[in-house]
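Generate coordinates for the entire structure from the input sequences, incorporating the hints supplied.
4 protein chains.
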Amino acid sequence: MSNAKAVEVYDASNICPDDLPWIPYFGVAHFKLLKANPVTGQTITLLKVPAGTQLPTHFHPGTVIVYTVKGSWRYMENDWVSKAGDVVYEPAGSKHTPESVGDEEVITLNIVEATLDYLNENGEIIARDNWESFLQKYHDHCAAEGISPIDVTKF
Amino acid sequence: MSNAKAVEVYDASNICPDDLPWIPYFGVAHFKLLKANPVTGQTITLLKVPAGTQLPTHFHPGTVIVYTVKGSWRYMENDWVSKAGDVVYEPAGSKHTPESVGDEEVITLNIVEATLDYLNENGEIIARDNWESFLQKYHDHCAAEGISPIDVTKF
Amino acid sequence: MSNAKAVEVYDASNICPDDLPWIPYFGVAHFKLLKANPVTGQTITLLKVPAGTQLPTHFHPGTVIVYTVKGSWRYMENDWVSKAGDVVYEPAGSKHTPESVGDEEVITLNIVEATLDYLNENGEIIARDNWESFLQKYHDHCAAEGISPIDVTKF
Amino acid sequence: MSNAKAVEVYDASNICPDDLPWIPYFGVAHFKLLKANPVTGQTITLLKVPAGTQLPTHFHPGTVIVYTVKGSWRYMENDWVSKAGDVVYEPAGSKHTPESVGDEEVITLNIVEATLDYLNENGEIIARDNWESFLQKYHDHCAAEGISPIDVTKF
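Residue numbers (the working numbering), protein chains in the order written: chain F, 1 to 155; chain U, 1 to 155; chain H, 1 to 155; chain R, 1 to 155.
None of these hints come from the bench; they were simulated from the model.
None of the values given here were measured: they were computed from a predicted structure.
Be aware that one or more of the hints could be misleading.
It does not matter which identical chain is used: a pair holds within one copy or between any two.
[Claimed, not checked] Simulated pairs of lysine-lysine, PhoX-like, Cα-Cα distance not exceeding 25 Å:
no.	residue 1	residue 2
1	K154	K83
2	K154	K95
3	K48	K70
4	K70	K137
5	K95	K83
6	K48	K83
Here's what the structure looks like:
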């Protein structure tokens with residue numbers, strides 16, 4: 001009678017970042033895509049940035065939670081420095097320019113609800129990343145490196 | 001090389017409630033399950049309640065948005081009445097007892113983020129509905145009525 | 001000892017759209033801002049569009065839920081028509097061009113998680129609306145019309 | 001003319017856990033409340049559990065994201081172990097019994113959308129924690145210890 005999917009509850013799963021490759025990002029930085037939700041647009045990523053690096057100014061239409069895993073960083077627009085173990089909460093609609101602080105490489109865990117919209121000096125959007133573009137970069141990287149991608153959209 | 005799902009963007013879809021059955025709920029009421037997200041737990045339902053009806057007191061761990069499609073209703077704990085065309089916003093952690101107001105049947109559209117936890121007089125949880133139980137009730141109803149269920153968990 | 005806010009639970013509240021003005025939007029359309037969450041970026045709006053009207057192509061970084069209150073409409077990119085009583089679910093990252101269908105004015109209720117990004121023919125973002133710009137338009141309209149605005153960011 | 005709040009955009013802020021106290025939890029464990037959103041119910045907490053400890057079985061009506069900061073742990077119901085640097089994603093409606101693995105203390109960062117509902121052997125809910133109860137425990141702890149609480153609900 002029924003050809004629809006039966007009621008199936010998804011279970012908690014553990015993501016081990018060691019199983020996922022670092023993917024070049026903006027030349028000097030790298031990211032790992034840990035999870036992407038194609039329905040809500042949420043992404044969970046790791047970002048690795050060398051000491052002495054500034055990343056492009058960007059805008060977030062949705063919320064962002066950042067956990068600083070290693071090193072120290074700040075937004076040029078704010079007066080705080082986030083160091084290893086700190087958590088940054090970004091309400092929807094925030095805009096900022098990240099830079100690493102100090103001599104250590106920076107690694108952050110980022111839970112992003114929508115997109116990162118990269119802006120030029122006039123505030124115009126010149127590039128954008130979201131679950132789809134991160135996933136495409138991951139697949140492209142795997143194809144180029146001969147790696148079998150994990151399905152990070154699976155729950 | 002790759003055995004993982006390619007990058008696939010889900011598109012907007014229209015849900016026509018006429019395609020879905022009214023399912024008995026608490027004897028006198030009925031609901032239609034329009035959409036259920038097994039990852040986030042969000043459900044979109046219609047609820048139909050006869051005039052002169054009070055539903056059990058319940059608690060919501062997450063947020064709720066209600067659009068009143070038809071009739072008027074209120075929570076016994078609040079001093080407002082929601083009438084057709086109004087929107088009710090319920091922050092996470094709200095608790096209340098709904099009842100229909102006036103002589104007209106009430107229909108509401110409900111966007112619920114987590115569960116409805118039904119409480120006894122001592123505030124103890126005696127029953128709970130969420131995406132999973134609503135979906136089970138929908139499948140059970142379809143099986144009993146000989147209806148082929150639609151996959152309301154598909155995006 | 002404590003100078004921080006005590007634990008305070010927000011209660012469910014009813015929003016009556018009759019208490020809020022229609023604000024001109026893209027010349028021919030109008031919107032009402034019912035609720036805006038400055039932390040998550042979620043907005044709840046009503047949109048009113050005359051028969052025979054096409055609105056600009058736009059992209060949504062986050063999810064959208066639309067309830068069709070009156071009339072019929074479609075996205076030019078999709079093969080369905082949404083009529084009064086239907087619900088449209090838009091996963092994050094959807095892009096489309098709305099137009100009213102038939103001879104009747106269209107009114108929709110829209111629950112938007114992030115922004116609407118209006119695109120030109122090359123897919124470049126030329127304008128954007130979110131909780132902040134809708135709220136600014138509401139305040140500007142109130143100032144121009146001599147209306148006292150309601151605080152739609154209050155929960 | 002206007003007595004409503006002007007349009008005000010919240011900015012990103014950094015939370016330094018060193019500024020917040022460890023609060024006793026289930027006797028042997030401790031938590032820090034880093035952020036609580038009284039509208040959405042989202043909480044961000046740190047949880048510290050000694051080696052060789054099992055915590056009570058609980059159910060989550062909403063989603064949970066866990067980042068393992070230190071040590072290793074597992075759910076007795078699952079076949080994976082989460083170690084420092086791993087991320088656990090829990091879809092809405094998951095149920096499990098956490099225990100620390102190995103000889104090291106465990107610290108996790110937890111982003112929880114709704115509640116933790118503690119269950120007895122019959123699956124009945126016997127206790128519950130959410131933004132409100134965590135916030136109350138934080139304020140109670142501050143009062144008992146003579147600490148001035150920070151407003152963790154502020155964005």
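Each hint tested on the structure:
1. K154 <-> K83: between (32 Å within a copy, 21 Å between copies)
2. K154 <-> K95: between (30 Å within a copy, 19 Å between copies)
3. K48 <-> K70: Intra 9 Å, inter 20 Å, cutoff 25 Å: intra and inter.
4. K70 <-> K137: Classified as within: same-chain Cα gap 24 Å, cross-chain 30 Å, threshold 25 Å.
5. K95 <-> K83: within (20 Å within a copy, 33 Å between copies)
6. K48 <-> K83: Classified as both: same-chain Cα gap 14 Å, cross-chain 20 Å, threshold 25 Å.
The structure shown violates none of the earlier numbered hints.
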